[in-house]
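Q: For reference, the chains in residue letters:
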Amino acid sequence: MARIITQLAIVDRQKCTGCKTCVQICPVTAIKLQEEERKPKAVIDEQYCQACTLCVTRCPEIAITINSRNSPLKIGMEVSQASSEEVATICHKAHMYPDQIVCYCHRIQAKEIAGAILSGAKTPEEVSRMTGARTGCGVLCITGVVRLLRAAGLKIERAPGYQWYGTTVSIWDLPDEVVQKYDKEYYLLRDRKDLDEIFPGGGHQ
Amino acid sequence: MKAKTTLTPAPPRLSPYAIKPGLLGERAANLPGMTGVKISDLFPDIPRPISLESPEMIRRQIREIASNTLAKVDLSKIQPQDSVNILASHHGFSLYGGEAYAEMLRTIRDEVERRCHTSNIHLCVGAGMRFREPEEYIQKYELDKYFHGKTFGTAPVDQGLPVETEIGTFYVVRRAFSARWIIHAHNSDVRELHYHRQMGRLFKPFAMSYATIETRSTYHQSMGPRSANLIPRMIYQSPIVQEKFVCSVILQVAPTGIIGVDAHNDLVEQDKLFTRLNLSLYGKMVTLLGCIEEVILIIDYPNSIPYTTAGGILFCNFLNANVDEFDLDIPFTAFNRYTDMLYPVTTPLYQGILLPPPNPAIKSLIINYCLTGYPGTFFAQQLPTWVVGAQADLFRGCVQNTNFMDYAIPVEDLRKAVDFTRRFAKTDHILAFDGAAGGLNVSDALAERMHKLAPDVARKVDDRLMPKWLRQRGMH
Chain B
1 MARIITQLAI
11 VDRQKCTGCK
21 TCVQICPVTA
31 IKLQEEERKP
41 KAVIDEQYCQ
51 ACTLCVTRCP
61 EIAITINSRN
71 SPLKIGMEVS
81 QASSEEVATI
91 CHKAHMYPDQ
101 IVCYCHRIQA
111 KEIAGAILSG
121 AKTPEEVSRM
131 TGARTGCGVL
141 CITGVVRLLR
151 AAGLKIERAP
161 GYQWYGTTVS
171 IWDLPDEVVQ
181 KYDKEYYLLR
191 DRKDLDEIFP
201 GGGHQ
Chain P
1 MKAKTTLTPA
11 PPRLSPYAIK
21 PGLLGERAAN
31 LPGMTGVKIS
41 DLFPDIPRPI
51 SLESPEMIRR
61 QIREIASNTL
71 AKVDLSKIQP
81 QDSVNILASH
91 HGFSLYGGEA
101 YAEMLRTIRD
111 EVERRCHTSN
121 IHLCVGAGMR
131 FREPEEYIQK
141 YELDKYFHGK
151 TFGTAPVDQG
161 LPVETEIGTF
171 YVVRRAFSAR
181 WIIHAHNSDV
191 RELHYHRQMG
201 RLFKPFAMSY
211 ATIETRSTYH
221 QSMGPRSANL
231 IPRMIYQSPI
241 VQEKFVCSVI
251 LQVAPTGIIG
261 VDAHNDLVEQ
271 DKLFTRLNLS
281 LYGKMVTLLG
291 CIEEVILIID
301 YPNSIPYTTA
311 GGILFCNFLN
321 ANVDEFDLDI
331 PFTAFNRYTD
341 MLYPVTTPLY
351 QGILLPPPNP
361 AIKSLIINYC
371 LTGYPGTFFA
381 QQLPTWVVGA
391 QADLFRGCVQ
401 NTNFMDYAIP
411 VEDLRKAVDF
421 TRRFAKTDHI
431 LAFDGAAGGL
441 NVSDALAERM
451 HKLAPDVARK
461 VDDRLMPKWL
471 RQRGMH
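If you read the protein sequences in the order shown, they are chains B and P.
For the first sequence, the numbering used here assigns the number 1 to the initial residue and increments by one for each residue that follows.
For the second sequence, the numbering used here assigns the number 1 to the initial residue and increments by one for each residue that follows.
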């Protein structure tokens, strides 16, 4: 689903101390440090900024604000560009329906993320640049994005900053000894069965 | 006995996530035909809370209770000059004005300093999805001054620290665990029952307020509606956390209000105590709300939509009240992130029996006042939703709700919204989620209905539901 971004994050050069917090957390890696009068200052690349406000709300100097763009930025993935069969295969391996929501804030679906991957996105940052996923709350959907990237056979290691750290466990790959130990208390096998019924993924061996 | 007047709703809050207090028009409690229902009249066995009459009174009571319970825990691990992080969560400050939670944190600090001879004590306040909130709370309660400048807020996008657990590597916020010792300072109210299902509720911040995005996202997207609660338990039991953990201090909350503070050195044991306690404290109120056949809801409280409260119960719990969220044989509730995943627009992808619809008793949702900073489009997609006055602009400007107003109707003022929805919803039952302490503000007709339902609900919970809930959790 296409979305038009009409806003942009702007750095107040006087307030910026070059602490790099914004650089480390930007989900589309749109921020870099540049020397200005021998001091590092954050610079935002208009080409990629989606005004998600993560940098605004973490900047310790309150040096970043949201302003109007001079020209709007269009983002979003036209799924028809990618083969629907290939999209379905990636989603299936990730235990997802193509139409299911992965990013709750912008209502971005698994098929859009799979489409971005088929169009060349190899990292969560590249997925975010193309689809807008991870640019709302910035908290909830990283796992869904990583699962789809892995289902497409891509190796996910480390983000350039603190954006994410790596792959985490899912209900489909819990160690057997843990399942035995905690199943009664935490309903592990029953949840796996119910999720298999709802999300008919093919990745589980 | 039926109350004759309404209860005082929670006051508006000055926040970047809210409309300015001056833009808030009429409150739901002031509408004609509204009345206050006291929980003590519905269920006399739910304990009476501490008095919230004045901040001084709250501080005096909490300090005494917290000091007494802390006297029973072992703090001897902490050596003179050791560093200690008191780990707090934004949720605690949203309870009944927040002063009780703030005083609990101050008391922990003072007890640690007095008994352990260290002043190297830091307060870490973890955020949810509104990353400026910890700073707001630290400033509002002057905690920076009290902690001699040793306070900081964290967010899940901050630098992570890998934690090796029995089920693999998770990530917590590095700075929260930067001290030699940690003290877990949380609250017990039932809160997001649709997520924790009262199975390990006290562990949850280890996968939320103190964790980075991978951990939180895994909890919501990659485990299951019940099994996700294994994650915070695994993090708590990890060597790195156990090496630092000193004790847990919990603000005890009931539907009636704040009822105490409990400290314990063993979180596993403390969680068992609170599992039993919360089933007993909240079971009747949650069940009663589930018996309401039809209702217009008014959101009128300074928190995001799902976290607005009525009678100590969250809006989200009412959205799920058509299923028994305490019943662990029911896998899915009407709203959790798994449900949200399967509703790309207004109808579910999967028409299976496992996914119940949102509570059909809700005939309409009127949003008079709430915070943004929580992805809430699902609510507007599923319920006929009106948004009053300046709130509509707030949603339009919220990056987490870019589609919200596509599904909601803006309306000039609260009375117009209520008059209209009353006609089309064909009900006189109105319930305000306005954070009133000790009870609920409802229409006269709903007050009468709740009083009629309460005795049967009490019997049903005592005789049938409690034994089942306890049995499902290995308790008797």
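If you're looking for bench data, these hints aren't it; they were derived computationally from the structure.
This one's a predicted model, so the numbers in the text were calculated from it and none came from an experiment.
Errors might be hidden in some of the hints.
[To be verified] Restricting the straight-line Cα-Cα distance to at most 20 angstroms, the calculated cross-link-like pairs of lysine to aspartate or glutamate (DMTMM-like) are:
(1) Lys72/P x Glu113/P
(2) Lys181/B x Glu269/P
(3) Lys184/B x Asp327/P
(4) Lys272/P x Glu192/P
(5) Lys468/P x Glu61/B
(6) Lys150/P x Glu61/B
(7) Lys184/B x Asp110/P
(8) Lys150/P x Asp110/P
(9) Lys272/P x Glu37/B
(10) Lys468/P x Glu185/B
(11) Lys38/P x Asp406/P
(12) Lys426/P x Asp444/P
(13) Lys74/B x Asp406/P
(14) Lys20/B x Glu46/B
(15) Lys363/P x Asp327/P
(16) Lys184/B x Asp329/P
(17) Lys244/P x Asp327/P
(18) Lys193/B x Glu113/P
(19) Lys155/B x Asp183/B
(20) Lys181/B x Glu448/P
(21) Lys184/B x Glu269/P
(22) Lys272/P x Glu46/B
(23) Lys15/B x Glu135/P
(24) Lys20/P x Asp413/P
(25) Lys244/P x Asp419/P
(26) Lys72/P x Glu192/P
(27) Lys193/B x Asp173/B
(28) Lys363/P x Asp329/P
(29) Lys181/B x Asp444/P
(30) Lys93/B x Glu61/B
(31) Lys193/B x Asp462/P
[Stated by the list, open to error] Residues of chain P placed beyond 10 angstroms of chain B at every Cβ, according to the derived structure:
(32) Arg216
(33) Arg226
(34) Asn229
(35) Leu230
[What the hints assert, rightly or not] Here are a few chain B residues that face chain P, going by a calculated C-beta distance under 8 angstroms:
(36) Cys16
(37) Gly18
(38) Lys41
(39) Tyr104
(40) Ile156
Each residue gets a CB set at the ideal place from its N, CA and C atoms; glycine is no exception.
Q: May I ask which of the numbered hints given earlier this structure violates, with the numbers listed in increasing order?
A: Those not satisfied are hints 5, 7, 9, 11, 15, 17, 18, 19, 20, 22, 25, 26, 28, 29, 30, 31, 32, 33, 34, 35, 36, 37, 38 and 40.
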